Amino acid sequence: MRTVMYALVPGIIIYVLLFGWGILVNILLASLSALVFELVMLVVRKRPIRRYLFDGSALVTAILLSLALPPMLPWWIPVTGSFFAIVVAKHLYGGLGYNVFNPAMASYAILLVSFPRELSLWSVPLELLAQPLNFIEILTYSFFNTLPELLTFDAITAATALDHLRTEISLGTNIEEIRRAPVFGFVAGTGMEWVNAVFLLGGVWLIYKKIITWHIPVAMLASIAAISGVCFMINAEIYASPILHLLSGASILGAFFIATDPVTASTTPLGRLIYGCAIGLLTFSIRAWGGYPDGVAFAVLLIGLTVPLLDHYTAPKVYGARTRHGDG
Amino acid sequence: MKKLWRFRGGVKLPGFKTLSNSASIRQSLIPGVVTIPLRQHIGETAEPVVKVGDHVYKGQLIATSGNFISAPVHASTSGSVIAIDKHTVPHKSGIAEVCVVIETDGADQWHPDIEPCTHPNNLSADELRTRIREAGIVGLGGAVFPSAAKLKPTRPIDTLVINGVECEPYITCDDVLMRSRPEDIIRGILLLRRLVDPAECIIAVEDNKPEAIKALNDAIKKLKIAGVGSVNTIHVVAIPTVYPAGSEKQLIKVLTGKEVPQQGLPYEVGIVCLNVGTTAATYDAIYDGKPLVSRLVSITGPQIKHPANYNVLLGTPVAHLLEDAGVRHVDDTKLIMGGPMMGHDLPHAQVPVVKATNCILAEKAAPLENIASMPCIRCGACATACPIGLLPQQLYWHSRGKDFDKLEHYNLPDCIECGCCAVVCPSHIPLVHYFRYAKTEKAAHELKLKLADQARLRTQEREARLERVKKEQEERKARRKAARLKKKAATANQHNADGAESAAKVST
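Protein chains in written order, with my numbering: chain A, 639 to 966; chain B, 14 to 521.
Accuracy of the hints is not assured; some may be wrong.
Think about it this way: if two alpha-carbon atoms lie no more than 30 Å apart in a straight line, the pair counts; the simulated BS3-like pairs of lysine-lysine are [as the list claims (entries may be wrong)]: (1) B:LYS415 - B:LYS461; (2) B:LYS16 - A:LYS955; (3) A:LYS955 - B:LYS25; (4) B:LYS483 - B:LYS494; (5) A:LYS955 - B:LYS415; (6) B:LYS483 - B:LYS501; (7) A:LYS955 - B:LYS455; (8) B:LYS235 - B:LYS15; (9) B:LYS347 - B:LYS318; (10) B:LYS271 - A:LYS955; (11) B:LYS25 - A:LYS847; (12) B:LYS500 - B:LYS490; (13) B:LYS15 - B:LYS237; (14) B:LYS25 - A:LYS848; (15) B:LYS271 - B:LYS165; (16) B:LYS452 - B:LYS25; (17) B:LYS16 - B:LYS271; (18) B:LYS15 - A:LYS955; (19) B:LYS227 - B:LYS237; (20) A:LYS847 - A:LYS955; (21) B:LYS15 - B:LYS227; (22) B:LYS419 - A:LYS955; (23) A:LYS955 - A:LYS848; (24) B:LYS271 - B:LYS452; (25) B:LYS452 - A:LYS955; (26) B:LYS415 - A:LYS684.
Here are some chain A residues the structure puts well away from chain B; computed CB gaps all over 12 Å [claimed, not checked]: (27) MET639; (28) LEU734; (29) PRO754; (30) LEU759; (31) LEU785; (32) THR805; (33) TRP832; (34) ILE876; (35) PRO880.
It should be emphasised that the hints constitute simulated quantities derived from the structure, not laboratory data. The structure displayed is predicted, hence computed values, not measured ones. All C-beta atoms in this analysis are idealised placements derived from N, C-alpha and C, irrespective of residue type, glycine included.
When you get a sec, could you build the whole thing from the sequences and use the hints?
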């Protein structure tokens, strides 16, 4: 768990440098509240506190949830998110190792359908801002919902690249034109493309450290690249390029840090490939043809439901046996 | 260079081999009393052929069995039998078994009938097999399967594999044996070759034992120069050091690429596999006529002052060996028979050394909080490490739930209990302990079912018997009643007849 946090740190630093202190405020609020909820649930469930509270699992959940949320939010959203993640998705299902759904993603999905307005307003990259907010001003906004004078909320937030793409395509705008909007950088969202690239490095480091295996990230990213590549080749006017899909939204974060959550992912090598592939396909489908700009969270939750079946049919061949587990 | 295969899974472990393999072999002193269990092998317990009070010589037969899967037992030193009763034996169940207890006389005198065989090559295959069987030789790698039973394969054998892998940490008795008696091992193999007639013989040694490999190769060269042509079919093969490469199934995979069928034996794929210790014991039995009465035991571990390999008489109490080797901090020492991975805890130090004892490991007893484990997070590291291809995380759930059908479905019987899963578990769950426990629970459960079945049959039989008895009684009653009635009727008729007669008399 600790290694997973270390792998996230460089990405978070870049995030703060490019988008300001907002994300850090979220992480602090979510982490603190997650630890409090974890403590309360451990006490209620009469579990050894010292052993479980600092096992790192609650913190990782809180950080992943925060990274899924927009950086500028009222304080109660990350706190409510932690509540759903830790209390509902984790402990009500039996605690660490027993949860059916990925806690961070389950909680994010609940927040997304409950508070769609708050969750769709993302911070504008600092380079596009005339007057960036400092740490205190962000805290003031978070707790008292007030901004410095002469600054409106609309001036500091905008839709994400994927969201913008989606809205404009539905209006019939050509992708070439859409790409000229300031929220787009070299290949994907301004700023976000760098954050994602650094998360990618962190993810590769996790594979190198053998904390995760290569199967799920490779399968998921490859399937996103494949299906978006095919669509891009068929009609480049309404389908964005594979590279934009890979470096936008939660593709990278999802592939390396979220879909690889061992508790909810498949455990066999072949199962992991199928699992990653299915998440990639579903993510693209939701982005391209579904009701939300990004689909990683829903894809992870839905494909997670197939894991028992996947594990059953993809068990390795036992030494000396003629068939696989599932066939017998 | 021979082509080698890889078995799936496995782990790299620190060896700790230099603790015990650098010292020379020591002869353990004769203890005052040896306790020799009558079952030191897989199969039927041998029946004692000596009585309390008998004098026995070293190497004298003290128990035997007519069963094919069994092995005779011999006195390991001279002395007198003082008891034949149950003692705790070093078995993972901590069970007590019948033992012959011999008070030693210190003379260590061999039985006068034991003499070297001058022309072992003139012995027929059957004679060889009989001598191996009568010498009480069993697999000395730890499984203690009667060797003679392995040496009568029912189908042609391609490869005779001699296992000198010794993959468990700490244990070095095979390593030291290969270094000190390479020529005897090769001569032993030449004898075994005649029994199974393989196309080739492979001595497999892990590449972390270069001295042993060199010693064996030198011995082969020497015999070749001496004109023993048949050594040409014997090859020493260095295999990569990955635990558990010494496990029979994994070794066969590495050397031949073949897999022994589930619940099957190696001969089914044309292979016979024996340990180097067994091979040396075969040499002793045929060339010197000496039965298996002693073996090399590694006494090692962080708690031992003078770790080394000891030549130990079977039946010697472990405590006696520890006195020789010296133990630090007796109070917090945990004694293990075998290695740290597959060995089992000894209940106390009074248990005797048996044919299966390859190592006595003295570790520091771990404080309880260090072994507290976290919940399973299904990371699958255990499944990656499992050399059999099992899913330990699934077996873990079902072991906890004692769901025997599911355990069968997930192939629990195929688990070789190597412990790789427990070593790699990031939550420090003692997985292999759960599986061992589940296996014994399953056996107990099946026994209970069997007993319940027997009880049900007995009850049914009893009911049927009672029914039958009742029926018979009734029939008898009815018969008696009928007989009575008949008699009555007969007497009545008689009376009537008499009456009629008298009436007739009267009327006349």
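Taking 30 Å as the top limit, are the C-alpha atoms of LYS483 (chain B) and LYS501 (chain B) close enough?
Since the Cα atoms of LYS483 (chain B) and LYS501 (chain B) sit roughly 26 Å apart, the hinted pair holds (cutoff 30 Å).
Confirm or reject: LEU759 (chain A) is not an interface residue toward chain B, with every Cβ-Cβ distance exceeding 12 Å.
holds (35 Å)
Regarding the pair LYS955 (chain A) and LYS415 (chain B), is the alpha-carbon distance no greater than 30 Å?
holds (24 Å)
When you check the alpha-carbon spacing of LYS271 (chain B) and LYS452 (chain B), does it fall within 30 Å?
Roughly 27 Å separates the two Cα atoms, so the pair holds.
Given the hint that LYS955 (chain A) pairs with LYS848 (chain A), does the C-alpha gap stay at or below 30 Å?
holds (23 Å)
Would the non-interface assignment of ILE876 (chain A) survive a Cβ cutoff of 12 Å against chain B?
holds (40 Å)
Determine whether the non-interface label on THR805 (chain A) survives the test: each CB of chain B must be over 12 Å from its CB.
holds (39 Å)
Examine each Cβ of chain B, and state whether all of them lie more than 12 Å from the Cβ of LEU734 (chain A).
violated (5 Å)
Hint consistency between LYS15 (chain B) and LYS227 (chain B) [alpha-carbon to alpha-carbon, up to 30 Å]:
This hinted pair holds, its Cα atoms lying about 17 Å apart.
Given the hint that LYS452 (chain B) pairs with LYS955 (chain A), test it: the Cα-Cα distance must not exceed 30 Å.
Status holds; Cα separation ~21 Å.
Pairwise hint evaluation, LYS455 (chain B) against LYS955 (chain A), where the allowed Cα distance is 30 Å at most
Cα-Cα ~23 Å, so holds.
Restraint check for LYS500 (chain B) with LYS490 (chain B), where alpha carbons must lie at most 30 Å apart:
Holds. LYS500 (chain B) to LYS490 (chain B) sits at ~15 Å (cutoff 30 Å).
Hints 27, 28, counting from the list given before, are not met by this structure.
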